[in-house]
Amino acid sequence: MNAGAAIAWGLRRDLALAMRSRAEVAIVLAFFLLVTSMFPLGLEPDPALLSKIAPGIAWVAALLASLLGLPRLFAGDHADGSLEQLALADAPLPALVAGKVLAHWVATGLPLVLLAPLAGIQFGLEPAAIGILVATLALGTPVLAWLGAIGAALTLGTRGGAALLALLVLPLAVPVLVFGAGAVESSRAGLGAQAHLSLLGAGAILSMVFGPFVTALAVRISFE
Amino acid sequence: MAGSGFFRFSSPASFYPLAGRLVPVFGWLAAALTVAGLYIGFAVAPTDFQQGEAYRIIFIHVPAAWMAMFTYLVIAGWSAASFVWNTRLSAMMAQALAPTGAMFAFISLWSGAFWGRPTWGTYWVWDARLTSTLILLFLYIGLMALRATIEDPRRADRACAVLALVGSVNVPIIYFSVQWWNTLHQGASVSLTAAPKMAETMLAGMLVMGLAAWAYTIAAALHRVRSIILEREAHARWTRELVR
Amino acid sequence: MIEWLSMGGYAYYVWMSYGALAIAIVAELFALAGRRRRALEQLAEHAQEDAFEEQAA
Chain B
1 MNAGAAIAWG
11 LRRDLALAMR
21 SRAEVAIVLA
31 FFLLVTSMFP
41 LGLEPDPALL
51 SKIAPGIAWV
61 AALLASLLGL
71 PRLFAGDHAD
81 GSLEQLALAD
91 APLPALVAGK
101 VLAHWVATGL
111 PLVLLAPLAG
121 IQFGLEPAAI
131 GILVATLALG
141 TPVLAWLGAI
151 GAALTLGTRG
161 GAALLALLVL
171 PLAVPVLVFG
181 AGAVESSRAG
191 LGAQAHLSLL
201 GAGAILSMVF
211 GPFVTALAVR
221 ISFE
Chain G
225 MAGSGFFRFS
235 SPASFYPLAG
245 RLVPVFGWLA
255 AALTVAGLYI
265 GFAVAPTDFQ
275 QGEAYRIIFI
285 HVPAAWMAMF
295 TYLVIAGWSA
305 ASFVWNTRLS
315 AMMAQALAPT
325 GAMFAFISLW
335 SGAFWGRPTW
345 GTYWVWDARL
355 TSTLILLFLY
365 IGLMALRATI
375 EDPRRADRAC
385 AVLALVGSVN
395 VPIIYFSVQW
405 WNTLHQGASV
415 SLTAAPKMAE
425 TMLAGMLVMG
435 LAAWAYTIAA
445 ALHRVRSIIL
455 EREAHARWTR
465 ELVR
Chain Z
469 MIEWLSMGGY
479 AYYVWMSYGA
489 LAIAIVAELF
499 ALAGRRRRAL
509 EQLAEHAQED
519 AFEEQAA
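Residue numbers (the numbering used here), protein chains in the order written: chain B, 1 to 224; chain G, 225 to 468; chain Z, 469 to 525.
In short, the hints are calculated from the structure, not lab data.
Honestly, I wouldn't trust all of these hints.
[To be verified] Covered stretches of chain B (chain G as the covering partner; in silico rule of three or more C-beta atoms under 8 angstroms from a C-beta of chain G):
#1 156-162
#2 170-176
#3 209-223
Even glycine gets a Cβ: it sits at the ideal position worked out from N, Cα and C.
Same shape as in the complex, but just chain B (with noise of 0.2 angstroms):
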């Protein structure tokens, strides 16, 4: 099997076990949205305070949300024994990681990249802030599910559990934080968000050239 047809087999495959486990999938979205919604609780409801922080939070939430759905990449087929096979299989491992990190994005990442605008709304962002913040999530989450997905090949069964996954991922994601939440803030202050979303699309290509390479990797390390 060629990587193209690697990629799209294990794209086909992950996306229909997503759509057989969608409240799965939902349970991250919900998960992102309480985030966002505890943060005025916690703070006051000041409209001026909320649109300043939006940003950020919106970012911090999609980091904490993206973490949370991190265990379903491999976890179910480490349980059953197939992700050995994907391993031992003739077509190219990274090809096959990339299928799966690919519909675990559309599954779990691209829903949050959409349903920013509500989190977007919930602090009173202007509409062109909350088109930057949309861009800048549609770039920052393929890095983070790549981050994540190294994350989550190295630790397969073991015993650190989401506190691990979060204590590896969260330091490796800060660039993607400062970038994306500093995009809607360099815009406001007129200094356009250009640079922001040129260094989160260099991110963005460098994690998908690389990352089935070194997710590959931390699979097979896993298995020895």
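Please arrange chains G and Z on chain B, whose structure you already have, making use of the hints.
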């Protein structure tokens, strides 16, 4: 491989005695450099015009920050070596360095806080270097947590190596992004990097203490790796012979 | 001497910093020694088990 030139010491068994001889060398070197550095720092370097005696914290804050950063890169180097040459010892060295690196990261943050309070008014300041060092500390903790969670030592070696390499690629990106973030918010925060103008003696003191920290790290890591070797090579003949 | 210790009024800050470093290093030295001792004890146990097995065989 054992026996040929460069790789002569790549087996834990042959490295163990070598490390044993080196530990006291680097240990005493560290002690001597520390005495020299503290002498320069307290007896030679003048009082700072603006910050008074408080600035003397710089003689441990900056060297600690340097060592935390440098040690992480060395861990990444050993991790890369463990992949390239598939040597257990390279991975053991990476394992041995992490706790000391984390310690220096913590000391850098702690001393930074106590330097910041009298100088800038608050214990914590979100300047680029302190924030990057905080994230570096989390990277260290992640490495050690992953090592502790994975039971099989060889799997732990390789997993931590991947994490260290991914982390080291990220470190400059993290530093750059935090710098960017910090300059955007210039008005809201102050920078600890706007340190007092360096008198030559102050710089000399920092450098000597930096060398002291380097020597100490080597001594601690070599001592730790000897224990790691004993733990992990427990099945081997030569380790049993040691305790007879 | 007391004057030197008071560090121009900044005694608290300076000594909390240097003190933390001193404590950290002492703690690390103890931890290093403890780890080595435990490793050697474990090895001694293994060696004893070997000796028993040899005897039994």
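The hints, checked one at a time:
no. : hint    : in the structure
1   : 156-162 : holds (count 3)
2   : 170-176 : holds (count 5)
3   : 209-223 : holds (count 5)
Checked against the numbered hints given earlier, this structure breaks none of them.
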